[in-house]
Amino acid sequence: MRAVAGGQGDGEWALPGNGSAMVDLARQYPGGLAEPAARPRASMQRFLRRRSTIAVLMCLPLIAIVAGLIVYPALYSIYLAMLNKAQTRFVGLGNFAYLLQRDTFWMVVQQSAIFALSAVFFKALIGLITAHLVNNLPSKGQRKWRGMLLVPWVIPLALSTLGWWWLFDPTHSAFNWIIQSFGGNEIPWLSNPYWARFSVILVNVWYGAPFFLIMYLAALKSVPEQLYEAAQIDGANAWQRFLHITLPMMRNIIAITVLFSLIVTFANFDIVQIMTAGGPRNMTHVFATYAFLLGIRSGDLPLGASVSLFMFPILAISAMFILRGVRKRGREIG
Amino acid sequence: MTASVAISERPRLAAGASLKRNRRWALVTSYVFLILFAIFFLTPPYYMIVTSLKTDAEVAHLATNPWIISSGVTFEQYRLLFQGTDFLIYFKNTVIVTLCVVVISMVVSVLAAFSLSRMRFWGSGILATGIFLTYLIPDTLLFIPLFQIVRGLGLLNSYWSMVLVYPTLTVPFCTWIMIGYFQSIPKELDEAALIDGAGHMQMLLRIFIPVALPGIIAATIFAFTVSWAAFVYPIAFLFSADQQVLTVGTVTSLIKADVYKWGMLMAGALVAAAPPLVVYAFLMDYYIAGLTAGATKG
Amino acid sequence: MRRSTLSRRSLLRTTALAAASVVSAPYVRHSHAAGKLTLGVWDHWVPGANNTLTRLCNEWSDKNKVEVTIDYITSQGDKDILTASAEAQARAGHDIMSHRAWQIQVHRDVLEPVDDVINALIAKAGPISPVAEYLAKANGKWFGLPTTIGSQVKPCCSRIDLYKQHCGIDITKIFPNNPNRDPNLVDSWNWDLYLKTAEQLFKAGSPVGLPMGQTSDAIDSTGAMFRAFGSVMVDEKDNIKVDSNETRLALEYFKKLMPFNPPEVYAWDDAGNNRWLISGKGAGIMNPPSAWSVAKRDNPKVAEQCWTHDMPRGPAGRFVGQLPFFYGLWSFAQNKPAGKALLQFLSEKDQSRQLVEASNGYDLPSFKSFYDFDTWTKVEPPVGTVYNYPPRGDVEPSITGYPARPDVATQIYNQSIHTIMVAKVCQGNEPIDQVVKWAKSELEGMLRA
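Residue numbers (our numbering), protein chains in the order written: chain V, 660 to 993; chain L, 264 to 561; chain E, 153 to 601.
Please keep in mind that the hints were generated in silico from the structure rather than gathered at the bench. Ideal placement from N, C-alpha and C gives every residue a C-beta, glycine not left out. Hints may contain errors.
Label-pair restraints from in silico Cβ distances [claimed, not checked]:
{"id": "1", "chain 1": "L", "residue 1": "K450", "chain 2": "V", "residue 2": "I976", "range": "51 to 59 Å"}
{"id": "2", "chain 1": "V", "residue 1": "M979", "chain 2": "E", "residue 2": "G432", "range": "54 to 62 Å"}
{"id": "3", "chain 1": "E", "residue 1": "K407", "chain 2": "L", "residue 2": "I298", "range": "46 to 54 Å"}
{"id": "4", "chain 1": "L", "residue 1": "M464", "chain 2": "V", "residue 2": "F971", "range": "52 to 60 Å"}
{"id": "5", "chain 1": "L", "residue 1": "I359", "chain 2": "V", "residue 2": "R956", "range": "26 to 34 Å"}
{"id": "6", "chain 1": "V", "residue 1": "S798", "chain 2": "E", "residue 2": "G357", "range": "31 to 39 Å"}
{"id": "7", "chain 1": "V", "residue 1": "M979", "chain 2": "L", "residue 2": "K450", "range": "28 to 36 Å"}
Working from the sequences, and respecting the hints, build out all of it.
As structure tokens, this is what we get:
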């Protein structure tokens, strides 16, 4: 059985297939996750029917949850976004038009984009770098280091954000204490809008980079060693080996993780809500916190829903690219 | 001859030596940078621990080095946390919610994964894609319509609403993980079992689950961690102290009046973060397996 | 035991289940109208103040055989507003909730009219403050009952020693703890003098701290300052008046004043200025006496130098930011008669006096006739520190958003238009005209929505 628990320090973990169930799915359904080809066997007709009934029954709870708590609310939010504040009248695209004319809303769009793009970029970068560094270590040590470096990811984000908030506190910031010990000026981590943006991105990068580390480390291990050796003998230096071997081999996994991360970072709520609540001057608001402010705090659920829905195009486009990437990788391997 | 041998020998020796030197250089730089990264990643937890062990006076005092404990370690913050606040209520609620959600998630996803990975039926391909896609819909898009729905069900301000909505966060991905694990189980096993007259449920229980146990553990850990750390739904749907869960409770309700008791807040944050950390420490490989079973949230 | 001593939730039990209609419960008409009442009350910032309310409710509960439960909910992170909003949406929750500032108007469709209680109180205690009326009345009906608990104004609270040392001013002479004020001195305390002293204090390393974030401390004080310059956002006829000389005058003033504040004021929440004063770093804030009360406990040296006094005078008058609290009885509450009875009991003079006493003078009743409580003369150190807390002289309480109609004013308040304008000018260095234009467009949006 390949599905075995990871050994001690051999660097291999329990990974079905080649580390990606998604990829396996793509292989299983080579038509690109479309409907499978039917396999009728006349004599087994009854058996098949019985089988598929059981199959559907087993899937029912999942279908119920997905349909009732994901798909239905998503569609409902579209309807909700077209009502007025008291939810008595239908106003069509009124809420969307209203938002598009608000300066604050455009600032939210801008900030969400800056936040998501820069955070994901740095997370991927740090993930890639640390993956290489850990990979360079002897196998025994890798497990220890990997364990240490994943800690930010394990701590619930809301709680670690609390810790960061304390680190940034205007009067008591431990970071400022260090800076001032060296004679510098204290930094207004959360009071100045641009520093506040930086702080929020920093926390997100701190939290998410370890995840990229793990993903890229797994991917690095799947690159055959011989390729590197051959290149080295041919005189390629480390940078060239990276550019011409590592990157192309990892291109798909990088694309997939980056796109996923874009979606999740774009929709992030915890960090901004806890550290800045969108301030100062509404300049750190992202879609999620702005929707919370308008929808829940000010009691205008339809308007809040409209804000959330603006995330949808980004999500859809990213999802499309991810699907494509998954299928490509499936084809690569299978 | 010796000369030619010597000549041909030298480049290879030189190449070998330079390879080793490169290795060592790479190793040293790796360690140096890794230590820097480790400092970056571990600084906040370290500081949280240090703060939680300080007295209130030392926390408020501005002149001393905040990175070390200068006036003696105290567990007063923890005592205050457990005896003087609603923290334990939050803990209890979170445990209840998480247990229920983990059970529900695993049952639903194992059944569905078994069905989707082994049994083709009309629409199973679409369903598989659909699950994948719904996983991409973030909770911050759903929480507003769900607020209406939960309100309609009369579950607003009850932690049972969490038991209702958390599975949306866990089930798609757990199903996904399990599909991967189930698929790697050879079909011969199925056929052997079928020939022996085993029904599908028996096949699932007697063969698949035991064989895919690592995957189940990984998925369970994932469901546990996600439920424990959820923040958006509780902050939107829960309001009273007796219904609140740890993440929201620690961050919003432990703050009384105007002077934040940071020592106690940090103690609260650490205790609340402890269960996932403990699970991670003991089951690290399963934890990571769960993560890497597909490119996921990050 | 932990519950009764340390937790915020107090469960008050009754000895007998038998109902009894008592004098203090005039609305309890039926003999079986006992039962339960749940209250969601603002978690007081003055240490220990909650206990008096608990005790008073206990007394009432024993006499009237109604089980009363109180949840104390903090206003940090707008928890109180969020809870009330959720309850209004869910049509379920506490029977009586605290609402601050505009929240009564926000929820008036789900609140029970309380005119009967109000009229009974006015009959005994005289007129209610006009600000309270503006905030709690709609369509001629009262939907909220002004409470003593939490109702506050935000006058100056300054350090006697620092003002003496760095500005040569004795604020205890300008605003003494007795009714004999020197009109010339009082007149001299205007915004120009405030600016001058702010600069002196800043240069001496002990600046004043005016919060400029998006929480109520900032919104209340800043709104009052704008009003002192005669600036109006939207008038009662829905005309947008922000684009005026008065507004520009106010913004110019802030442009000169804000640099003399610590830079973190733009991110302060409601506790920011308290911490600033208590730490000893600040020379003055605009706050009710909670900061002084906590300083008494945590930094007595600072506390004994605190003096609460009137706001400076502006071209259009002397205004102080007010934040009234109201009790609201939900229309879906189960036990409305008992609720009204309890509310009337808590608002009467004797109970109000006890509550004011428990809060060290923080709580401000909405009946001017109650300003004669001796708490404000007695508490110390220093003696008379909060004598000038209740608005006595020519100072007028003001609520940010006035005089726009409630639906619009709520938005002006909740979206902190005033403080964002100041922050844009002073922190963002945007030209004043641009900021005024931005405010105008925001206000247009509010009128439309």
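**Prompt:** So does I359(L) sit 26 to 34 Å from R956(V), Cβ to Cβ?
**Reply:** Holds, at about 28 Å.
**Request:** Starting from the hint 28 to 36 Å, judge whether the C-beta atoms of M979(V) and K450(L) obey it.
**Result:** Between M979(V) and K450(L), where Cβ atoms are some 32 Å apart, the hint holds.
**Request:** Look at the Cβ atoms of M464(L) and F971(V) and judge whether their distance stays inside 52 to 60 Å.
**Result:** With Cβ atoms ~39 Å apart, the hint is violated.
**Item:** Distance restraint hint 51 to 59 Å, applied to the beta-carbon atoms of K450(L) and I976(V)
**Value:** violated (37 Å)
**Asked** Given a hinted range of 31 to 39 Å, is it respected by the beta-carbon distance of S798(V) and G357(E)?
**Response** violated (58 Å)
**Request:** Can you let me know if the beta-carbon spacing of M979(V) and G432(E) is within 54 to 62 Å?
**Result:** Once the Cβ atoms are compared, 59 Å apart, the range 54 to 62 Å for G432(E) and M979(V) holds.
**Asked** Holds or violated: 46 to 54 Å for the Cβ distance of K407(E) and I298(L)?
**Response** holds (48 Å)
Hint compliance for this structure: hints 1, 4, 6 are not met, and every other hint is.
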